[in-house]
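Each protein sequence line maps, in turn, to chains A and B. Be aware that the first sequence starts at 0, since it is given in numbering that gives the first Met the number 0, and climbs by one per residue. Be aware that the second sequence starts at 0, since it is given in numbering that gives the first Met the number 0, and climbs by one per residue.
Keep in mind that the hints were calculated from the coordinates and are not lab data. Glycine included, each C-beta is placed from N, C-alpha and C at the ideal position. Fair warning: there could be bad hints in the mix.
[To be verified] Under the rule of at most 16 Å between Cα atoms (straight-line distance), these lysine to aspartate or glutamate pairs were calculated in the EDC-like manner:
| hint | chain 1 | residue 1 | chain 2 | residue 2 |
| --- | --- | --- | --- | --- |
| 1 | A | Lys13 | A | Asp59 |
| 2 | A | Lys298 | B | Asp34 |
| 3 | A | Lys175 | A | Asp206 |
| 4 | A | Lys298 | A | Asp265 |
| 5 | A | Lys241 | B | Asp311 |
| 6 | A | Lys70 | A | Glu91 |
[What the hints assert, rightly or not] Between beta-carbon pairs, the in silico distance windows are:
| hint | chain 1 | residue 1 | chain 2 | residue 2 | range |
| --- | --- | --- | --- | --- | --- |
| 7 | A | Thr335 | B | Asn409 | 48 to 54 Å |
| 8 | B | Ala253 | A | Leu281 | 36 to 42 Å |
| 9 | A | Leu57 | B | Tyr202 | 28 to 34 Å |
| 10 | A | Thr335 | B | Asp418 | 41 to 47 Å |
| 11 | B | Gly377 | A | Pro143 | 27 to 33 Å |
| 12 | A | Arg147 | B | Asp418 | 45 to 51 Å |
| 13 | B | Pro158 | A | Asp18 | 45 to 51 Å |
| 14 | B | Gly327 | A | Ala124 | 29 to 35 Å |
[To be verified] Partner residues aside, some chain A positions facing chain B, computed with beta carbon under 7 Å:
| hint | residue |
| --- | --- |
| 15 | Thr184 |
| 16 | Val188 |
| 17 | Ala192 |
| 18 | Glu221 |
| 19 | Gly254 |
| 20 | Leu255 |
| 21 | Ser258 |
| 22 | Pro272 |
| 23 | Ile273 |
| 24 | Ala294 |
| 25 | Leu311 |
| 26 | Pro315 |
| 27 | Ser316 |
| 28 | Gly319 |
The lines below spell out each chain.
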Amino acid sequence: MTEPFLVVEDLTVKFPTEDGLVNAVTELSYSVEQGRTLGIVGESGSGKSVSSMAVLGLHDTRTARITGSIKVGGQEVVGLGESKLRKLRGREVAMIFQDALAALHPFYKVGSQLAEAYLVHHPSASKRDARRKAVEMLDRVGIPQPDRRVDDFPHQFSGGMRQRAMIAMGLINDPKLLIADEPTTALDVTVQAQILDLLQDLQREFDSAVIIITHDLGVIAEMADDILVMYGGRGVEHGPAKEVLTRPLMPYTWGLLSSVPDVAGDTAAKLVPIPGNPPSLLDPPSGCAFHPRCAHSDKVQGNLCSTALPRLEPGPSGPGHLTRCHLSDPATVFETEVLPVIAPDLLEES
Amino acid sequence: MTDVNHPPQQPENPAVTEGEELSADNREQRLSFADLADSGHAAAQLRTDVEPVLTVEDLKMWFPVKSSGLVRRTIGHVQAVDGISFQVPRGGSLGLVGESGCGKSTTGRLITRLYTPTAGSMRFGEKQVDLATMSNRELKPIRRDVQMIFQDPYTSLNPRHTVGAIIGAPLEVHKVVPKNKVLPRVQELLEIVGLNPEHYNRYPNEFSGGQRQRIGIARALTLNPKLLVADEPVSALDVSIQAQVINLLQELQAEFDIAFLFIAHDLAVVRHFCPEVAVMYLGKIVEIADRDSIYGHAHHPYTQALLSAVPDIKSAGHGRRERIRLEGDVPSPINPPSGCRFRTRCPLAQEICAKVEPPLLQIGPRHKVACHFAGEIGRHPATPVTAGLLGVDKQGSPDPGTTPQPVGTNPGYDKEWFDLGSQQMVSA
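Next up, chain A with everything else stripped away, as it sits in the complex (with noise of 0.2 Å):
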């Protein structure tokens, strides 16, 4: 077996702030093969942006503490120099971000970004070569008429054909590892789907590795190969993504599963919430970070959930499935409590 193309282990991002020091994210460790998607899923201040931001080396080195190890291509990442760093954005890894009009200039035009994007890594292509390959580009992703709309300024493109510009963009110099984050939120769902079907028949075409961080279970579900479960700046679950989702084993997991509703669904499923809030980064609760918001803690003996902070090891289902928690019998509490009441139909057919 290869070396997977992104090795993160044990990394750490700190930020210090007036109020104290933000832990957002704490020992993440995941890897993630060429023509493989992994999807990393959690809310917002989970840590599931800043870390992949880590990935290209985004964080201003003068106010963030980045320990661990980030290895893109064998190549260490943490304290890389900028102008190596430069090399290797774009690259070897590149970025789609979800406001597609915050991203884009809009004082230039999309083709002479584009054409800016591939300059900066072929310092030898005419102008017009890069013009080109911008025009190929849009091609590539599905903008009709091409060569005329290379011509236009951002605020000319819908906000599908948007996207599909910075998908062309972060695409141009066939990078080997492709970090979307959250790229279809701000999109209706028609749109949605063309984009996720873009980026899986390029992901195909290219053989890349592709990350994609989101709330949206199911994109994760139509997406991802793997699923990596973040909480408070940890990764808590992680995993092959049929596992994750059908048979999850850390209570977060099951709390994210039964507070969205399911458009094909039973309709006598019950939407139970998560109570509470995300925790502060600033002062993380001790042991289990999920032990005040969590359910089950109560399976558990003695104050172990507050006291000692579980490892992610792998769970009752085998190696490849991590879970970050102190039940002993996960597999039986959701299939007996917890599905019953999120998911009558399933248990049936099961």
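Following the hints, complete the assembly by docking chain B onto the known chain A.
Just chain B now, kept in the frame of chain A:
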């Protein structure tokens, strides 16, 4: 109904509401999953026996487009809402879904009369007063009964006002209670929406997104409304908080018998909250029906495309389903396509679709659809089902052999409907 003279009512489900207030001192208090599950709600059920609180008929909102230059002539209209009719049952909820720019938010703003409609009527309440033609002075007492919840809890609350001032403002504007009774009512409302009543003196920035949305809901509840227009009430919130707010809205609806016009783009949330749903496309309602008909037996190709585009959690590991791909973007509402507005993106479109606009035809006890080729997915008829009713031939040209019949004029549902199988009017 709550009354200011009565003591504050306890919220029905303390389990959820106290959760929001978890702090260092009450962390020890444990909620078991069984308690939580009891506080959750299943999807709302349809009540067919109640009369409508709101009847909207042929509602239109055309925004003028002005030319540039000194003489700003009107050179066109954005047909944001173009002749829609529907009913909202008392204490029930109607969901309004569609892509951005389809006119769903404009509809909400018309009903709250933030816009004055170009044409049409909106009859409200027991007296069936027409909101569309009332003056601002006449409207003031009605505004108590029709309130709105906004999408963004960060921009819809004034950051310089305390929560008490925000929630109490409607009471002072409408002079419903004496000044010294405002605070008790504010505290009562805070408790109803699951916030600490002692926090009336705080500012919005001291609350989280979910808590702010609760403040917005408390403000909308202040005057005991009969109808709440909720424009994307949960789409700005985190997943776990969304469920808290949806449950709260379901509790409030049951407790105070409030009708909802629930505007959202999230089809799964609408399915959970609304027993009836209307699908809009480019200013028109293309399909309106009860939940099972829309989500299980959609007959309009746009509804089918919309539903097939929703990512499904259960699809995990199966890869992406085959879906109906809609090409391109929504056309401009300034110059919408002739005939059926969806025909430019519709996989079924034929000649008749460009010539004749399909009427919103009732095809079931609680199911109306506006399509010449209405049918369940994969079973659309080859010939237009509407031709006979409209007095046209299969290509949409006038047919002297048939007489057109009036179709789709009732904003509610008729006892008789057009059966697609037998091509005849039938009744239950």
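Verdict for Ala253(B), Leu281(A) (Cβ pair) under range 36 to 42 Å: For Leu281(A) against Ala253(B), whose Cβ atoms are near 39 Å apart, the range 36 to 42 Å holds.
Hint validation: Leu311(A) versus chain B, beta carbon distance must be below 7 Å. Holds or violated? Given a least distance of 21 Å, the restraint on Leu311(A) is violated.
Checking hints one by one. Is Pro272(A) an interface residue toward chain B, by the C-beta closer than 7 Å rule? holds (4 Å)
Within 41 to 47 Å: is that where the Cβ-Cβ distance between Thr335(A) and Asp418(B) falls? The hint (41 to 47 Å, Cβ to Cβ) holds, given that Thr335(A) and Asp418(B) are roughly 46 Å apart.
Evaluate the given range 27 to 33 Å for the C-beta pair formed by Gly377(B) and Pro143(A). holds (28 Å)
Once the shortest beta carbon distance from Pro315(A) to chain B is found, is it less than 7 Å? violated (19 Å)
Could you grab the alpha-carbon distance between Lys175(A) and Asp206(A) and see if it respects the 16 Å cut-off? Roughly 8 Å separates the two Cα atoms, so the pair holds.
Interface hint outcome for Leu255(A) [beta carbon to chain B under 7 Å]: holds (6 Å)
Holds or violated: is the Cβ of Ser316(A) closer than 7 Å to a Cβ in chain B? violated (14 Å)
For the pair supplied as a hint, Lys298(A) and Asp265(A), confirm whether the alpha-carbon distance does not exceed 16 Å. The hint is violated at about 28 Å.
Status of the Glu221(A) interface restraint (C-beta, 7 Å, chain B): holds (5 Å)
Check the hint pairing Lys241(A) with Asp311(B) against an upper bound of 16 Å on the C-alpha distance. holds (12 Å)
The structure fails hints 4, 13, 15, 25, 26, 27, 28 (numbered hints given earlier, in ascending order).
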